[in-house]
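Put together the whole structure using the sequences plus the hints.
Keeping their order, the protein sequence lines are chains A and B.
Each residue of the first sequence is one higher than the one before, starting from 1 at the first, in the numbering used here.
Each residue of the second sequence is one higher than the one before, starting from 1 at the first, in the numbering used here.
No lab work stands behind these hints: they were computed from the structure.
Heads up, a few of these hints could be off.
Which copy is meant is left open, because identical chains are indistinguishable; a pair holds if it fits in one copy or across any two.
[Unchecked claim] Okay, derived cross-link-like pairs now, SDA-like style, lysine to any residue, Cα gap no bigger than 20 Å in a straight line: (1) Lys-210 - Val-87; (2) Lys-107 - Arg-125; (3) Lys-240 - Asn-119; (4) Lys-240 - Glu-44.
Number of protein chains: 2
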Amino acid sequence: MVGIFDSGIGGLTVVKEIFKQLPGQPIIYFGDTARTPYGNKSQETISRYSIENTNFLLSVGATIIVIGCNTASAMAYDALRERFSEVPIFEVISPAVEAAISATKNKRIGVIGTAGTVNSGIYERKIHELDPEIKVFHEPCPLFVPLVEEGWIDRPETKMIARKYLSKLKQNQIDTLILGCTHYPLLKKVIQAKIGNRARLIDPAEATAKKLADFVVKRGIKFTAGADGSRFYLSDLTPKFSVIAEKWLGRKISFVIPTERRNLWS
Amino acid sequence: MVGIFDSGIGGLTVVKEIFKQLPGQPIIYFGDTARTPYGNKSQETISRYSIENTNFLLSVGATIIVIGCNTASAMAYDALRERFSEVPIFEVISPAVEAAISATKNKRIGVIGTAGTVNSGIYERKIHELDPEIKVFHEPCPLFVPLVEEGWIDRPETKMIARKYLSKLKQNQIDTLILGCTHYPLLKKVIQAKIGNRARLIDPAEATAKKLADFVVKRGIKFTAGADGSRFYLSDLTPKFSVIAEKWLGRKISFVIPTERRNLWS
Numbered sequence: 001m002v003g004i005f006d007s008g009i010g011g012l013t014v015v016k017e018i019f020k021q022l023p024g025q026p027i028i029y030f031g032d033t034a035r036t037p038y039g040n041k042s043q044e045t046i047s048r049y050s051i052e053n054t055n056f057l058l059s060v061g062a063t064i065i066v067i068g069c070n071t072a073s074a075m076a077y078d079a080l081r082e083r084f085s086e087v088p089i090f091e092v093i094s095p096a097v098e099a100a101i102s103a104t105k106n107k108r109i110g111v112i113g114t115a116g117t118v119n120s121g122i123y124e125r126k127i128h129e130l131d132p133e134i135k136v137f138h139e140p141c142p143l144f145v146p147l148v149e150e151g152w153i154d155r156p157e158t159k160m161i162a163r164k165y166l167s168k169l170k171q172n173q174i175d176t177l178i179l180g181c182t183h184y185p186l187l188k189k190v191i192q193a194k195i196g197n198r199a200r201l202i203d204p205a206e207a208t209a210k211k212l213a214d215f216v217v218k219r220g221i222k223f224t225a226g227a228d229g230s231r232f233y234l235s236d237l238t239p240k241f242s243v244i245a246e247k248w249l250g251r252k253i254s255f256v257i258p259t260e261r262r263n264l265w266s
Numbered sequence: 001m002v003g004i005f006d007s008g009i010g011g012l013t014v015v016k017e018i019f020k021q022l023p024g025q026p027i028i029y030f031g032d033t034a035r036t037p038y039g040n041k042s043q044e045t046i047s048r049y050s051i052e053n054t055n056f057l058l059s060v061g062a063t064i065i066v067i068g069c070n071t072a073s074a075m076a077y078d079a080l081r082e083r084f085s086e087v088p089i090f091e092v093i094s095p096a097v098e099a100a101i102s103a104t105k106n107k108r109i110g111v112i113g114t115a116g117t118v119n120s121g122i123y124e125r126k127i128h129e130l131d132p133e134i135k136v137f138h139e140p141c142p143l144f145v146p147l148v149e150e151g152w153i154d155r156p157e158t159k160m161i162a163r164k165y166l167s168k169l170k171q172n173q174i175d176t177l178i179l180g181c182t183h184y185p186l187l188k189k190v191i192q193a194k195i196g197n198r199a200r201l202i203d204p205a206e207a208t209a210k211k212l213a214d215f216v217v218k219r220g221i222k223f224t225a226g227a228d229g230s231r232f233y234l235s236d237l238t239p240k241f242s243v244i245a246e247k248w249l250g251r252k253i254s255f256v257i258p259t260e261r262r263n264l265w266s
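Structure follows, in structure tokens:
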């Protein structure tokens, strides 16, 4: 079983891509809604949370882990690799970096994300490992997550904020923009309009699901249950999250709070 | 010692008022930055967190507890009262309600706050207990907290969002507006401009500090240390929080993460 965790519901954009690229593949999702968001928290805290989340997913049957969250991928991947060395772990950053490098023609790539992701400098580092000549420009966009969670997808306020965040990247004439946070693909239309049609948007969810699909197919892994056998866990249940989740995934899902495991997340 | 907890740094507006109204009074602050914000979380989760936070404050020497957070005041006060029946506990809602009732002339009061606070209906209930004839209008303003934490205090985007949130309250001709979230006093200028000069803004921090000061003076409680003896604890330390906190309080403070107690907050 593929287990995916996220700081909240953002990782559902990754789930949606997995359902698209691996039809019939059941998944186990864990959203850490009791401690969401991760974007402004410290590396130490995010690593601790990510280890707890992974332990939980393994305890309920996951055998492959996907970190469905850019901040946790940036901050906690190394800690997870070390702690769970025998488990295949996928993060969302490397696949996006590879896709962006294939896409860019003028070698000017932009990255947007939470403060945690952007300040970690991980996108820049990974891009330069593969091609040191590429110029990387980045901008934290901390208001995008609350705007998406408010459902303010194409309101004038959202457009105004997007223009403010993206103007420097536009001036720097990037031709490729990595949407370095799982919430951002929901704002694709506004972001594309403000950054201009010349720039290609890279969605890490898509790139990550593709990498996972390749792995699964190569290993000849077979699944017994259909996608309906998927399970969704949350550390806190608020009515709003179910509504957003169903809207995003386009299907009814029921969330479970594993209360007997509550101490895991305090 | 007075112990104050908040979901993060918002409660520092209450601390600032306490320093103003009780000069020389040292306090112990705990900001739950590892699990912030509380605004969209469930009552069960917020109660659990509030009990843990109170236990921590008592363990480090607090003898009076102030819930420096509207969401926790709305969701967890009863649970704390029951659990810690011998400790004086102050919340920020009743003092604001009393101040608003004294202020209103046309008996039309507005309340803004997080989704959690507004949906709990607690302001309406408490106002109607004291005066059932008052009409209460409310509006959740979930983007105000991230805007304040971004430092976007008087940007055009903030003004536009404030106009959107406050237009219905303005149409309803309220003459008194309760700022039902500890972050909102930082947006006083923008809020006053958009709601109009006729409406009086009620800051729960001010009203709560006054109530606490009355209690302290009446009981003849004496303090040995000066305000410099205050201690500030956080469950997660990010550079941003120190910067915002010092800007708000107008003085240098050093935060402590009590790592030996980390399991309290998982």
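### Task
Starting from the hint list further up, note which numbers the structure goes against and sort them upward.
Failing hints: none at all.
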